[in-house]
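All chains should be modelled from the sequences, with the hints used to inform the complete structure.
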Amino acid sequence: MPNSQPGGISFAAQICAATEQVFKQHPKPLILDLDIASIAIRLKTTNPNLLAVFSSAIEHHRAASSHPKALIRLWSAAEAAIERPRMPEDIRQRVIRRRKDLAPGERHLIDFDPGGRMIIVIDPDIAQVNVCLSSIDYLPHWERAAPLRSAINWILRQQDIHLLHAAAVSDTRGGALLLGAGGAGKSSASLRCYQAGMTYLGDDLCAIQAGAMPSVFNVYGTAKTVWSDLEKFQDLHTLLISQTNSLKAIYALNQAPASRIGTSSELRVLLLLDRSQPAGTVRRANPAKAVAIAASTTASFLPGSGRPMLSALADIARRLPVLSISLGEESQQAAALVRRAIREPEQLLQDCDDP
Amino acid sequence: MCASSRLPQAFRINRPNVVSESFESEVVIVNLDSGCYFSMLGSATTLWLQLERNAMTIKGAEAILQQTYDCTGINVAGEISSFLSKLFKEDLIVAEDLESAIDSPSPEQIPHKKPFEPPILETFTDLQDILLLDPIHDVDDAGWPVAASPAPDAE
Numbered sequence: 016m017p018n019s020q021p022g023g024i025s026f027a028a029q030i031c032a033a034t035e036q037v038f039k040q041h042p043k044p045l046i047l048d049l050d051i052a053s054i055a056i057r058l059k060t061t062n063p064n065l066l067a068v069f070s071s072a073i074e075h076h077r078a079a080s081s082h083p084k085a086l087i088r089l090w091s092a093a094e095a096a097i098e099r100p101r102m103p104e105d106i107r108q109r110v111i112r113r114r115k116d117l118a119p120g121e122r123h124l125i126d127f128d129p130g131g132r133m134i135i136v137i138d139p140d141i142a143q144v145n146v147c148l149s150s151i152d153y154l155p156h157w158e159r160a161a162p163l164r165s166a167i168n169w170i171l172r173q174q175d176i177h178l179l180h181a182a183a184v185s186d187t188r189g190g191a192l193l194l195g196a197g198g199a200g201k202s203s204a205s206l207r208c209y210q211a212g213m214t215y216l217g218d219d220l221c222a223i224q225a226g227a228m229p230s231v232f233n234v235y236g237t238a239k240t241v242w243s244d245l246e247k248f249q250d251l252h253t254l255l256i257s258q259t260n261s262l263k264a265i266y267a268l269n270q271a272p273a274s275r276i277g278t279s280s281e282l283r284v285l286l287l288l289d290r291s292q293p294a295g296t297v298r299r300a301n302p303a304k305a306v307a308i309a310a311s312t313t314a315s316f317l318p319g320s321g322r323p324m325l326s327a328l329a330d331i332a333r334r335l336p337v338l339s340i341s342l343g344e345e346s347q348q349a350a351a352l353v354r355r356a357i358r359e360p361e362q363l364l365q366d367c368d369d370p
Numbered sequence: 028m029c030a031s032s033r034l035p036q037a038f039r040i041n042r043p044n045v046v047s048e049s050f051e052s053e054v055v056i057v058n059l060d061s062g063c064y065f066s067m068l069g070s071a072t073t074l075w076l077q078l079e080r081n082a083m084t085i086k087g088a089e090a091i092l093q094q095t096y097d098c099t100g101i102n103v104a105g106e107i108s109s110f111l112s113k114l115f116k117e118d119l120i121v122a123e124d125l126e127s128a129i130d131s132p133s134p135e136q137i138p139h140k141k142p143f144e145p146p147i148l149e150t151f152t153d154l155q156d157i158l159l160l161d162p163i164h165d166v167d168d169a170g171w172p173v174a175a176s177p178a179p180d181a182e
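First to last, the protein sequences are chains A and B. The first sequence runs 16 to 370 under this note's numbering. The second sequence runs 28 to 182 under this note's numbering.
Simulated from the structure, these hints should not be mistaken for lab results. All C-beta atoms, glycine included, are put in the ideal place defined by N, C-alpha and C. Just so you know, not all the hints are guaranteed correct.
Said to hold, decoys possible - Label pairs and their computed distance ranges (CB to CB):
1) Asp118(B) to Gln173(A): 28 to 34 Å
2) Leu68(B) to His82(A): 48 to 54 Å
3) Leu125(B) to Gln292(A): 47 to 53 Å
To be verified - If you want the ones that stay clear, here's a sample from chain B, every Cβ over 12 Å from chain A, calculated:
4) Arg33
5) Gln36
6) Asn44
7) Ser52
8) Glu53
9) Ser61
10) Met67
11) Ala90
12) Cys98
13) Val103
14) Ala104
15) Ser112
16) Ala122
17) Asp130
18) Lys140
Here it is as structure tokens:
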């Protein structure tokens with residue numbers, strides 16, 4: 016068994032046991048109850064700094080204490096002064112090779128960042144996720160903008176909701192998924208729409224559900240841009256939370272006094288961003304290609320995504336219009352196009368064919 | 028030696044690394060390991076949809092095409108051999124035991140066979156670099172997904 020230690024308990028079980036030990040030492044842990052995509056999740060930690068860092072992007076989902084469907088326990092070996100169990104090399108190699116699927120343990124699922132800074136052990140039987148950091152000082156930087164994503168993805172998947180590498184915005188008529196590979200302009204497009212008054216649902220990761228009414232859910236309240244785009248979003252500067260030596264400028268949209276972050280929206284249209292065309296160009300897109308782009312990028316960094324996420328996205332793409340669109344650099348124009356795509360996609364296509 | 032004699036005689040989809048979804052006249056396939064995605068058109072969709080149900084032999088693949096399409100004057104064996112070679116090369120299919128594979132599909136009455144359409148596999152590698160380097164374009168020097176120097180107490 017790849018998860019077994021010679022003559023001992025499995026690695027995953029050791030992490031779980033260490034987590035038990037840490038929380039036994041802290042009979043009154045810090046608790047944050049969340050409601051993400053209508054799923055009650057409880058986050059427990061022993062360290063206020065950890066809570067601050069990990070909760071900043073999701074605290075707008077704070078909910079009244081309830082019966083959580085899943086529990087995430089978060090601790091750091093350095094701060095807890097507990098030696099973190101050593102990960103056997105065969106598990107390490109297995110997880111690296113199979114990033115797309117959480118490595119199966121005896122009954123646990125294991126994920127970790129290859130720098131060895133963060134280990135996630137999921138116990139599916141009791142819907143419990145144990146997240147063990149080496150130290151808060153060595154936190155993978157993406158955890159600040161989109162924390163706990165493999166844990167949250169696993170929890171959402173149990174309810175047929177899937178994290179997706181896509182941006183999303185909405186208005187009163189419904190939502191639009193903004194699809195494209197890295198660098199396609201998803202973050203900029205979603206922020207431009209936000210600037211122009213639309214509701215923000217995500218710039219890089221959001222959650223989707225197929226079902227009778229295809230829906231998109233907000234997960235993270237942050238947005239990222241390259242630093243060179245800083246001037247374009249001057250009105251958001253008070254929300255900047257990243258240091259200038261960070262790779263990206265991170266905006267905590269959920270900290271805005273009148274934040275327009277939605278919780279969910281009925282999906283109306285899928286938009287494949289295409290910067291190669293002049294602003295305002297709208298064409299019918301091949302749904303298969305749009306699905307392939309979003310699904311393959313998602314599956315590559317969310318362990319365990321694979322088939323269920325692809326199926327959900329394909330189901331949605333078969334039922335909704337899929338348009339290729341060039342939104343341009345101007346916020347009001349971008350938002351106007353997205354709003355039209357949500358409200359009257361066929362008319363928008365016709366107008367673009369016959370201007 | 029003909030190409031087909033170098034291919035395994037039976038094969039199946041390389042699950043779970045390969046996932047697919049069918050659209051109207053197209054099948055989209057994602058190889059989660061390589062970061063490539065693919066589009067299948069023409070008679071390739073017929074073969075792939077059959078493969079989703081069962082492992083298949085080369086003989087079975089020929090039979091399915093013969094049954095579905097008007098293959099008059101077509102070198103079906105050659106078309107299949109060339110197509111399967113591409114699938115193996117992209118790790119979309121892997122060898123399977125002969126006993127587990129279907130080599131004579133259940134006879135299906137198709138009143139009017141369709142004109143033959145060559146099996147087409149389009150390969151898209153435009154995302155591969157992004158995927159294999161960093162899917163959310165957020166590489167830092169600590170290394171994702173490359174296992175760079177570990178943090179002090181990392182394994």
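Those earlier numbered hints the structure runs against, lowest number first: Numbers 6, 7, 8, 9 and 10, in rising order.
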